[in-house]
Every structure is written in structure tokens, then in C-alpha cells.
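Protein chains in written order, with the working numbering: chain A, 22 to 336; chain B, 16 to 323; chain C, 692 to 949.
Warning: the hint list may mix true and false statements.
Heads up, simulated DSSO-like pairs for lysine-lysine below, C-alpha to C-alpha not over 27 Å straight-line [to be verified]:
{"no.": "1", "chain 1": "C", "residue 1": "Lys772", "chain 2": "A", "residue 2": "Lys207"}
{"no.": "2", "chain 1": "A", "residue 1": "Lys124", "chain 2": "C", "residue 2": "Lys768"}
{"no.": "3", "chain 1": "B", "residue 1": "Lys100", "chain 2": "B", "residue 2": "Lys130"}
{"no.": "4", "chain 1": "C", "residue 1": "Lys772", "chain 2": "A", "residue 2": "Lys160"}
Calculated from the model, a selection of chain C residues having no Cβ within reach of chain A, i.e. all distances over 10 Å [to be verified]:
{"no.": "5", "residue": "Val728"}
{"no.": "6", "residue": "Ser767"}
{"no.": "7", "residue": "Val823"}
Hints in this document: simulated from the structure, not taken from any laboratory. Even for Gly, the Cβ is constructed at its ideal location relative to N, Cα and C.
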Amino acid sequence: MPAIEILGLEKIYNVGFWRKRTRRALHPLHLSVEEGEIFGFLGPNGAGKTTTLKILMGLVFPTSGTARILDLGLDDPRMKAQIGFLPEQPYFYDYLTARELLKYYGQLSGVDAKYLSRRVDDVLDQVGLANSANVQLRKFSKGMLQRAGIAQAILHDPKVVFLDEPMSGLDPMGRREVRNLIEKLKAAGKTVFFSTHILSDAEALCDRVAILHMGELRGVGAVAELTAGVHGKVEIVWHGTNVPSVVRSITAEIHSAAGITRAVLPEESQDAVLEGLRREGFHLISLTPVRTSLEDYFVAQLGSATKEEAVSIRG
Amino acid sequence: MTRSQKLTAVASLILIVSMASAVVLVRTLDRSRPQARLQEVLYVSSPKLLKRLSLGYEGLLADIYWTRVVQYFGGIHAHGGGQYKLLWPLLNITTQLDPHLMPAYEFGSTFLCAKPPNGAGMPDEAIELVRHGIRNNPSDWHLYYDLAFIYYDQKDYRDSAEAFLHGSQLPDAHPFLKIMAGQMAEHGGDLATARMMWSATLQNSHDSMIRANAAAHLRAIQADADVIVLEQLAEQYRQRKGHFPENFSELISAGMLRGEPLDPMGHPYRLEPGGKVVVSDPDYLPFLDTGLPEGYVPRHVPRLPPAK
Amino acid sequence: MNSRILHIATNTFREAVRDRVLYNLIAFALLMSIAAVLVGQISIHIERLVVINLGLTAVSLFGLVIAILIGIGLVSKEMDKRTLYTVLSRPVRRWEFIAGKFFGLTGTLIVNTFFMAIGVFAALAYVSHHFVRSDAWVLAALYFIVLQFVLITALALFFSSFSTPIFSAVFAFWLFVIGNFAGDLRNFAAMTHGVTRALATAAAYIVPNFSDLNVISQVAHGEAVPIRLIILNTAYVTVYALAVLSGAVVIFERRNLK
Numbered sequence: 022m023p024a025i026e027i028l029g030l031e032k033i034y035n036v037g038f039w040r041k042r043t044r045r046a047l048h049p050l051h052l053s054v055e056e057g058e059i060f061g062f063l064g065p066n067g068a069g070k071t072t073t074l075k076i077l078m079g080l081v082f083p084t085s086g087t088a089r090i091l092d093l094g095l096d097d098p099r100m101k102a103q104i105g106f107l108p109e110q111p112y113f114y115d116y117l118t119a120r121e122l123l124k125y126y127g128q129l130s131g132v133d134a135k136y137l138s139r140r141v142d143d144v145l146d147q148v149g150l151a152n153s154a155n156v157q158l159r160k161f162s163k164g165m166l167q168r169a170g171i172a173q174a175i176l177h178d179p180k181v182v183f184l185d186e187p188m189s190g191l192d193p194m195g196r197r198e199v200r201n202l203i204e205k206l207k208a209a210g211k212t213v214f215f216s217t218h219i220l221s222d223a224e225a226l227c228d229r230v231a232i233l234h235m236g237e238l239r240g241v242g243a244v245a246e247l248t249a250g251v252h253g254k255v256e257i258v259w260h261g262t263n264v265p266s267v268v269r270s271i272t273a274e275i276h277s278a279a280g281i282t283r284a285v286l287p288e289e290s291q292d293a294v295l296e297g298l299r300r301e302g303f304h305l306i307s308l309t310p311v312r313t314s315l316e317d318y319f320v321a322q323l324g325s326a327t328k329e330e331a332v333s334i335r336g
Numbered sequence: 016m017t018r019s020q021k022l023t024a025v026a027s028l029i030l031i032v033s034m035a036s037a038v039v040l041v042r043t044l045d046r047s048r049p050q051a052r053l054q055e056v057l058y059v060s061s062p063k064l065l066k067r068l069s070l071g072y073e074g075l076l077a078d079i080y081w082t083r084v085v086q087y088f089g090g091i092h093a094h095g096g097g098q099y100k101l102l103w104p105l106l107n108i109t110t111q112l113d114p115h116l117m118p119a120y121e122f123g124s125t126f127l128c129a130k131p132p133n134g135a136g137m138p139d140e141a142i143e144l145v146r147h148g149i150r151n152n153p154s155d156w157h158l159y160y161d162l163a164f165i166y167y168d169q170k171d172y173r174d175s176a177e178a179f180l181h182g183s184q185l186p187d188a189h190p191f192l193k194i195m196a197g198q199m200a201e202h203g204g205d206l207a208t209a210r211m212m213w214s215a216t217l218q219n220s221h222d223s224m225i226r227a228n229a230a231a232h233l234r235a236i237q238a239d240a241d242v243i244v245l246e247q248l249a250e251q252y253r254q255r256k257g258h259f260p261e262n263f264s265e266l267i268s269a270g271m272l273r274g275e276p277l278d279p280m281g282h283p284y285r286l287e288p289g290g291k292v293v294v295s296d297p298d299y300l301p302f303l304d305t306g307l308p309e310g311y312v313p314r315h316v317p318r319l320p321p322a323k
Numbered sequence: 692m693n694s695r696i697l698h699i700a701t702n703t704f705r706e707a708v709r710d711r712v713l714y715n716l717i718a719f720a721l722l723m724s725i726a727a728v729l730v731g732q733i734s735i736h737i738e739r740l741v742v743i744n745l746g747l748t749a750v751s752l753f754g755l756v757i758a759i760l761i762g763i764g765l766v767s768k769e770m771d772k773r774t775l776y777t778v779l780s781r782p783v784r785r786w787e788f789i790a791g792k793f794f795g796l797t798g799t800l801i802v803n804t805f806f807m808a809i810g811v812f813a814a815l816a817y818v819s820h821h822f823v824r825s826d827a828w829v830l831a832a833l834y835f836i837v838l839q840f841v842l843i844t845a846l847a848l849f850f851s852s853f854s855t856p857i858f859s860a861v862f863a864f865w866l867f868v869i870g871n872f873a874g875d876l877r878n879f880a881a882m883t884h885g886v887t888r889a890l891a892t893a894a895a896y897i898v899p900n901f902s903d904l905n906v907i908s909q910v911a912h913g914e915a916v917p918i919r920l921i922i923l924n925t926a927y928v929t930v931y932a933l934a935v936l937s938g939a940v941v942i943f944e945r946r947n948l949k
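Model the full structure from these sequences, guided by the hints.
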């Protein structure tokens, strides 16, 4: 049974003063996430990632389509008791302390009063807020708020955790910690669904990703699958600032600095270039394969999409 | 000084000067619009509308208007009395807002009736006020007492007696009402009746102005009685000696008086030709009926000693 | 289910207290103290009347202001600040949220009124030096004032579920004003005909009936409050508040949060 099943969720907003014009935030979306996966939901800002999450959380109602989480409906309280949600740039009741906030949320989530105190302390420890437990949230920095947000998302030990831009506002140390946390969640058997526009995070963590652009799904699959189809590149570095003719004819990605030059070339031309360098007497420093990044795939997808749209507009 | 400190100093200076100017301007405005201040005493001229507008807080509003009545009356009285033009509208509003505010009826019956400069001189309105009180407080005997007083003051002894009778039939009525009903019916115009009425007021009222007023009436009654007695003595002297006495010393020598007669305010009486007796300082004895010098017109009400 | 409403209510109370709403009690205490001391100069013989009139009017007005100021933000503030996201993603039904907020603010006002009642009775003891049996009816007047708060809170909460704070404040205030004329409105409706009558009658009954909740002047004169009135008012306020809150729930259930 998939942890999350999205069946044709669609959202159209009526905008304008008289609510006559429409804005399509989400085309009918079909997606499914298995239990125990770390699933990345990628896309540029405004792609519809947050809209999807809000629909799943019951904060916004879809124009059509349904979804099931843990095989339960979106308005089923039994489902809500088993999910955790970290919204983007979260706001909390700033007159409460971190401990009070978590206690309140724990009560609302139905955590047993006997265990609540201990659980709250545990979670505060896990996200590194143990020292600020009795500080009012209005005094928290952005990074601390983000940690508090993660804390409240995992407080009641949910089976599925939804995170909207979990790394936002965190310094590199913080981001490392969040990544560790997500990995720990997976190790504990939880499903993690997180949206982000930072591809390197997704690449490092996710089992599978989906790419959303302008409300439409542009690709789903394991990272390795998505990047496999594109040909690899290699990076060649040599002494000197001259460029052999063979290199210049293949690629324009050439950079010179501090007495060395590096060029990025298609994998297939590797042998021809090495031969050219040796022939013209260049001193080779290194030859390194450059893995196609998710970013390339991403940009390629989005690039083609915009080109398609450009064509269709022109008719 | 740094720029920031200079700015703070300048801003503070402007603040002080502006506030001072504002105060001066307000005082100038007050002086140039004295009429406006009088009228704003009333705020809203329709009592029924005001009651609606008070959104259920009419009790407090009535109390506020009542304090204005007291201040308004006291203020004018302290300056020698006047016409008290706003007394009726204020009392009307007060009793419309709270028909159970008993002190207002007592105050109104006394001071709406009394003629200027002691009161507003509006007996019809006084009757309307008290009748409004009776309609809303049908079992309170004090209001019938107030009504009887107004009729008495207007020398309508028959209606006064009837009011006393009505009031005496209420439960818990003071036995005094029954007595006065009889007294008023038989001897309405007598000084004895007047003395009874005003003594009752002096003893029973809690309001200091009303009591001072009653005391002043009693002094006038005493003076009236004195004048009658003194004129009788003068007449007796004329019968004995064939002519009216020139002054009181002659009466004293004749053994008819023990000493110089003084009015209740301590001023000597004057014997006029023809055996008439008058008071020398009528200003200090408002409410006099007899004993007023020829052509006397009351000008103002001087400060009288408080009631004991 | 009930515990969630209780938790939301408790949190709403906590928010109000940390917002320093209870500091209004200091201003109230000051007012009552000054009044108790000065009232003897206004007129002896009616100190009790003035203290009760002033005290109860102040309790009513202070509470009204608090009910409106906090009530208008009960839902809209949470929507604007997005604090609702993490609440509604939990097993909290939307109607439970509305109910919790309502009980939280009502509870705050009851606590506030309780302390104010102590102040009123203290001032009364000071000016009249002893209590009479009829002073007990002051409690009935206080109860009616609390019922007024219940109505205003429900209305402010209703408007808060779909309107901005400023409009909510204006609507709630005007409904309070018109509600005090509700009796007149009903009389007026009875005198008209046709379409006007239909409209006026509808308005007269839709508007909250504040006019029967005003017993301050009565109680200040020591008059009793009829038990029948107490029962009828309680029933009316319960039913009316229920209607208004149901309206709030209906609106809130279908709102897309931004």
C-alpha cells in the first residue's frame, strides 16, 4: 500500500476583483509514494509544490481529484494523527516557549499526557533546542524557528512526515543536521515527503524525486534513472593558458586562471582531446568524470517546457 | 552636541511650546464663546432620545446629569442667585433617564417653584416633574409631600390638602401627611401652617441646599410674626396715647417692650410713620410677606448661614 | 474531542493573559477607588446608587472593548500569521477550533468580570459600610453582563472567520448598538406594513437582543431581577450564540487558507 496516493489533484483559483479570471495552480496530478521512501518534490518557486502540500494537509480544497494518505481520506482524523507537517517559513504562537508550544501541539495530536513531557524533552534534544526550551518563541532566530518546526512535525511519532523547504533559513551546520535527521527518520521506517528548490539536497537524500513546473508534473523517478539518459562529461585540467585547437573546436566551456586551464567536454571526445593535448605538448594535470547533475536534468526539462510553451503561444 | 542630541533638544522645545500655545488658545476660545458653554451643558435636547442613545447605561448617565444639576444650581446660587434657566431641562433629563432618582424630585419641587433669584419660578414644570415621579413610583409617599408643597407654595390650599390626603393613604406614609391634610384644608393661609411645613422640610431633608432654604423660610415666617405683633403693639400705643409711636424707645418707656426688637438675622426693626413696622435689611430675609419696605425689589441672595 | 477544545480554549486564555489584557483590571481598580472616595461629595443618600451604576457600567464597557478587540482577531490573526497551518494539520477539526477559541475568550472575560465584581462589592462596602439583601441582585446584573459578552464574542468570532479586523470591529460594535434598540425595532416593525414590515421584522429578530439584558439601573435601585427573566435570557443567549457560531463554522469549514 503506498504511503501517499495523489489521484488527479487539481486546483484552479478564481482571481480578480469579481473573481472572474482563473489561475491554474495545479494541473491534475498523479503521484504515489511508497512507505519508507524519502521522496523529493522539486520545482522552482511558484511551481505548485506548496499548493499540493496544503491540499494534502486539508488547508486548501482541491477543485477536483482526491488523495489518500496511509489509505485514509484527507479529512480523516486518524490519518492526521499519523502525519507531521512543517510549513514553509513557519510561524508559531510567539508568546509561548518552545516547550509550551510542543506540549500544546502534543495535546492536540493526542499524545498521551503521561509520555508527553518526556517526549517533548526528547524531541527538543534531537533538534538541538534543549537549551532554549524555556525561551519565548518571539526571541527565536530563523534557524531556531525552523528547528522548532521540525520538532513539532515529528513530536507525535508520525508515520509520514511532510516538510516544505526544511533547509530554508539554516546555516550549513543546520542543514547538515536536518539531513541527518531525515536520514534517521528513514532508518526508523518513516516516509519523508519534502519539497525543495535546492537540488543538491534532493540529490543527496532522495530515493525518488518528482519535478513540478507551473503546476504540471515534469518527471518522476529515482535520481539515477533521471540522470542516466544524459551523456556524461569529463573535466580536463592542464598547465598553461593556451588552448589546443582540438579542444576549442569541441567546446566553449574553457576557463583559465592562475596558470592552469580547465575544460569540460563530452565523454565521447575524451580520447581525441587527450591525443591532441599530448601531440601539442601540453602538460596534463587531471582528467575527472563530471556526473550529470540533477540540475542539468532539471534545467533541461524546464528549458524544453518553456520552449514548448513559447512555440505554442506563437502558434 | 551631536546631531542626534540637537534634534532631540529642538523637538522637545517645539513640543513644550506647542502644548503651551494649545492651552492658551483653548482658554481664548472659551472666553470668546461663553454661550456655547452654557448650551453644551445639555448635550442632547431630547430626553427620550438620550435614553435610547445611552445603550442601557442610562442609570449612570442619570447620575451624571444629577451632579450637573447640583453643580449648576450651586454655581448660580453662590453668585447671588439668578434665573436658573437650565434647571428644568436638566431635571427633566435626569428623571427621564432614571425615574426613580428621588432626590431629583425633592430638589425640583423646592427650587423650580421658588421665584428668582431663589429659584426658577416655574411651578407648572415643577408639578409636571413630580407627577412624572408619582407615575413611576406610585407607592412612594414623599412625592405626594413634594406635590402638596408645590400647591401650597402657589397658595392652592385645596389641591395641597388633597395631595396630602392621597399621600397619607399610601402604605408606610408618615403620619404627618394626615395631620397636614387636615391643617391645610382648614388653615391653609396661616403662619402656623407655614411653620409646620417648613419645619418638616428642615427636619426631614438630607439635602443641604433644601435645608438652608427651609431655614430661610422659617426666619421669614418668624419675622412676619414679629411684624404682626409689633404692629399690634403700635396700635395699642396709639389707642392709649392718641398717636403712633415715633420709635421703639417710646414703646419701651411705656413698658410695652423689653428691649430693641431684632429680626431673626439680628438686625433691628424700623418703626415707620403710621405704625408700620419694616425690616431694615430685607435682603437678608428673603421670602418675607409682611414687613417689606415700600418699593423694595429683591436684587440678589446673599450668603446665608447654613441650616443647623 | 472535548479535550482538544479545552486545550485550544486554555491556549486562547493564555494568549490573552500574555497579551496583558488583565492589566485593564488595574485601570478598573483605580476608577472604582476614586469613585468610592469622591461619591460622597456628589450627593449623600445615593452613594450606593452611584457606585453600582458606575461599577456595573464600567464592567460592561471594559469587557465589551476587550471582547471586540480580542474577538475580531481570533480567527483572522491565525490565518494571517499562518499559525493555523500546524494546528489544522493535526487531528483537530475546524469546528473544534472555532469552539475552542470561543470558550477561551469567554473564559477570559468571565475571569476578568470576577475580579471586577470583587472591586464593585469592595467599593460598595466602602461607601455604605454594610451590605443589604438587595445587593445580591448585583450578581444577577453581572451575570447578564457576562451574557452580553457571550453574544459579542460569538459575533466578533463570526466576523473574524471571514472579515478583516477593522470591519469585524465595526460590524460587531454596530450590532451591539442596534441590539440595544432591538425592542424599539420590534415595536417599529409591528407598526409598518408590507415589504417594510417583512424587512423590519426580519431585522428586528436577526439583531442580537441586548435590550433585555440591561438591568443595571434596576439593580442599582435595589429592585429584584425576576427569575423568569434570568431563565429566558440564558436560553436566548445560548440559542443565539449557537446560531452565530454555527454560521462561523459553516464559513470556516470551506475557507481555503492562503
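Here is how each hint holds up against the structure:
1. C/Lys772 x A/Lys207: violated, 31 Å
2. A/Lys124 x C/Lys768: It holds: about 22 Å lies between the C-alpha atoms, which stays within 27 Å.
3. B/Lys100 x B/Lys130: Judged against 27 Å, a Cα distance of about 12 Å means the pair holds.
4. C/Lys772 x A/Lys160: Within the cut-off at roughly 16 Å; holds.
5. Val728: holds, 37 Å
6. Ser767: Consistent with the label, serine 767 of chain C stays out of reach of chain A, its closest Cβ about 14 Å off (over 10 Å).
7. Val823: Label holds. Min Cβ-Cβ 44 Å, cutoff 10 Å.
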